[in-house]
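Asks: In order, the protein sequences belong to chains A and B.
Note that our numbering has the first sequence beginning at 1, numbered continuously upward.
Note that our numbering has the second sequence beginning at 1001, numbered continuously upward.
There's no promise every hint is true.
A few chain A residues that don't get close to chain B, going by computed Cβ distances all over 10 Å [stated by the list, open to error]:
1. 55
2. 105
3. 195
4. 250
5. 385
6. 522
FRET-style restraints, in silico, Cβ to Cβ [what the hints assert, rightly or not]:
7. A:327 to B:1095: 53 to 63 Å
8. B:1020 to A:492: 50 to 60 Å
9. A:213 to B:1092: 25 to 35 Å
10. A:173 to B:1013: 29 to 39 Å
11. B:1019 to A:154: 28 to 38 Å
12. A:508 to B:1006: 21 to 31 Å
13. A:336 to B:1006: 27 to 37 Å
14. B:1003 to A:9: 24 to 34 Å
15. B:1006 to A:119: 36 to 46 Å
No lab work stands behind these hints: they were computed from the structure.
Treat the numbers as computed from the prediction; the structure is a model and nothing was measured.
C-beta atoms are modelled at their ideal positions from N, C-alpha and C, and glycine is treated no differently.
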Amino acid sequence: MSTPIVSDAAGFKLERTDLNAVRANLYFGFAVLAVGVLLGLDQAYNYAGVDLVRHYPVINSYYQGLTIHGVFNALVLTTAFANGFIVLTTARGLGRRLPGALVHAALWTMLAGAVLAAWAMFTGRATVLYTFYPPLQAHWSFYLGLALVVISTWITSAAQLVALRGWRRDNPGRRVPLLAFMSIATYVMWDIASVGIAIEVVALLLPWSLGIVPGTDPLLGRTLFWFTGHPIVYFWLLPIYVSWYGMIPRQSGGTLFSDSLTRLAFVLFILLVPVGFHHQFVDPGVSQGLKYAVAALTFAIFFPSLMTAFAVMYALEIGGRRRGGKGLVGWFFRIPWSDPSVCAQVLAMLAFLLGGISGLVNASYTLNLEVHNTAFVPGHFHLTIGTAVALSYIGIAYWLVPFLEQRALWSRRLAIFQSFLYLAGVLILSRGLIAGGLAGMPRRTAIAQASYHMAAWRLPGLMTAAGGTLMVASMALFFLVLVMTIVAGQPAAIADIPFTETVSAPATAGWQINLDRFHYWVIAAVVLIAIVYGPFLFAHLPPDLAATGLTYP
Amino acid sequence: MERFEKAFLCAAAIVLVIFLGALAYSSLAMGIHLPSHFGMIHYTAGQKLRRVLRQTPPFDRPGVREIAPGKYQVTVIGLTWSFLPAVIELPAGAEVTFVATSMDVIHGFFIPGTRVNMMLIPGQVSECVYRFRQPGEYLLICHEYCGRLHHTMSARMVVK
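Chain A extracted, bound-state conformation (with noise of 0.2 Å):
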């Protein structure tokens, strides 16, 4: 009665040279991540009042050691990570290879494009932070990288679609199978939300860096970033989603229940782009009344939020019951805890549980004004990207790179206290930034070198840096597992990747199939994107480029 959420369960080889690519794109990904994760390192002591910048080599200032750290970790590995896990699960998920000089094109236009932006980083020339709002001015370098990881994005999406036709056409009136389904989602979701920040960068802010036109519009600048700013967090969820409905529920030895609910999840992610103007809450030039209809939209991404807490909490049910648990809470202890790749997510879910709850405050209106800019969010966001990204992330990459290889993890148990040390770490370090941001600790500030102190940010700062330590100790186990299966993990035949199965299977009649049509979502998104973002463009259009800036500040 279960049914495979794939097009072919019997098994599909993928080409070597797709497997080529998407090892290239895991393991650059995981490159920055390396260099990232030290320099967060300084990013947590500097709360505590103590500069390591001052001993790093190359890195010059607390902002340049931040700037890479935003850009590597939240844009270039999360970029990276998607364009390699979503082919690979797009292609299995219909059976069929997606065209490889597009997936090889994506994965070049990626490095080449996060090879710019690094030298304009770490040569001083783009201290901007990673959401370089102008008219703080970046070397044009920096922008160009930027718009070139985008476009491999854009350029995996067209790869996805050319296959999704091809395997209409070969199989006519069949429902697209849910693996593809999601992972298809994720990009056509991506495509419409990215298009915010790609105006912004090839119209506004590369001209002005080239000297063409004489200033900016920052106002324009910071609307046109958080339209992508916020969907971008679904940009890096949702192929996490991908593993925790259509990967986890296998591992654990459960199954996924509802093949419609799962569908739906995704579709409302499709619907949401447009809740970027919470991010500017305490903007000037932007209504009161469009901030608290935005404010009322955005508690709707709590819904689709709990359907996967739902889901994915049901599936893992199912298995733990499969395995002899009992009771009401019984069956959690009998997931299998001892697979490093389970563990690692649920640990993940786990923090994604207070990351979303803390997500709440922030897009509260007026709660808001006690946490913008504070403290307060950067401990929220490294409970969801920093942990329940990067954990699912690392918990994929248990199971992905002994796939890759054809060889077993190195030490499992070592990468089982990993997830476990990552996790105490992100709860400290949370733990003490949200209590800093309470207290009025500002966030992206060199606090050790700050002219300003208050008694009340002392504690919290101290368990910021002791958490960031137990965080920057466990990634250094990571990457340690990682390069120890590579090199000398023990040869295995693993044949394919885990796909789960559904109780109910896809509907072939009634509204059901109507979520498979692609087009449909898209339209309802741009015209949701209208009535949001109309108003705010139609009065404040045409631009304004009357700021000139600061130039590598």
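Since the structure of chain A is provided, determine the placement of chain B on it from the hints.
Replies: Just chain B, lined up with the frame of chain A:
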């Protein structure tokens, strides 16, 4: 959909409605408002924003002004890396309207321990209203990265 699934989603919807109700209550009934749009400063890339501000009231005279009995307006300019004025003195309990803008890049305007939290964007004027009930020293800091010495950008507030 299964029974549990439906029950869970209904519960989620109810929680959502409660949250939205709380939001409406805090803004409408408790009267907590976000910083809003006070106006714009029009200038072009050829003009120095510093000179334009010097000729644009109220920014021609930054500082504290009593606009009505017991009501004060504090006009502040943020610039890399300080606030104008650097010291602000206010009486406790008075209704204070902060009117602020930036002279160069985006800055923050944040008084820890209060709800005064806004962004300063060049060309836009920010406004917020607050009442300091406790006398004492407060810190006004920039909480948006604005360049190399961002962490030195602060002003002192004295409430008597």
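Asks: Does each hint fit the structure? Answer for all of them.
Replies: Here is what the structure says about each hint:
1. Residue placement check: residue 55 of chain A keeps its beta carbon more than 10 Å from all beta carbons of chain B (closest about 19 Å).
2. At roughly 35 Å from the closest C-beta of chain B, the C-beta of residue 105 of chain A stays outside 10 Å, upholding its exclusion from the interface.
3. For residue 195 of chain A, the requirement that its beta carbon stay farther than 10 Å from each beta carbon of chain B is met, with the minimum near 22 Å.
4. Non-interface status of residue 250 of chain A relative to chain B is upheld: no Cβ of that chain comes within 10 Å, the nearest being about 20 Å off.
5. Interface exclusion of residue 385 of chain A from chain B stands, the closest Cβ pair being 19 Å apart, more than 10 Å.
6. Distance to chain B confirms residue 522 of chain A as a non-interface residue, since its nearest Cβ pair spans about 25 Å, more than 10 Å.
7. Separated by about 58 Å at the C-beta atoms, residue 327 of chain A and residue 1095 of chain B satisfy the suggested range of 53 to 63 Å.
8. Taking 50 to 60 Å as the suggested C-beta distance range, the pair residue 1020 of chain B and residue 492 of chain A conforms, at roughly 52 Å.
9. For residue 213 of chain A and residue 1092 of chain B, the hinted distance range of 25 to 35 Å is not satisfied, since their beta carbons lie about 48 Å from each other.
10. For residue 173 of chain A and residue 1013 of chain B, the Cβ-Cβ distance of about 34 Å falls inside the hinted range of 29 to 39 Å, so the restraint holds.
11. Roughly 36 Å separates the CB atoms of residue 1019 of chain B and residue 154 of chain A, a value that falls within the hinted 28 to 38 Å.
12. Residue 508 of chain A and residue 1006 of chain B have their C-beta atoms about 22 Å apart, which keeps the hinted 21 to 31 Å range intact.
13. The beta-carbon spacing between residue 336 of chain A and residue 1006 of chain B, approximately 30 Å, falls within the hinted interval of 27 to 37 Å.
14. Taken as a hint, the range 24 to 34 Å holds for the pair residue 1003 of chain B and residue 9 of chain A, whose Cβ atoms sit roughly 29 Å apart.
15. Between residue 1006 of chain B and residue 119 of chain A the beta carbon distance is about 54 Å. The supplied range of 36 to 46 Å is therefore violated.
Hint violations for this structure: numbers 9 and 15, all remaining hints satisfied.
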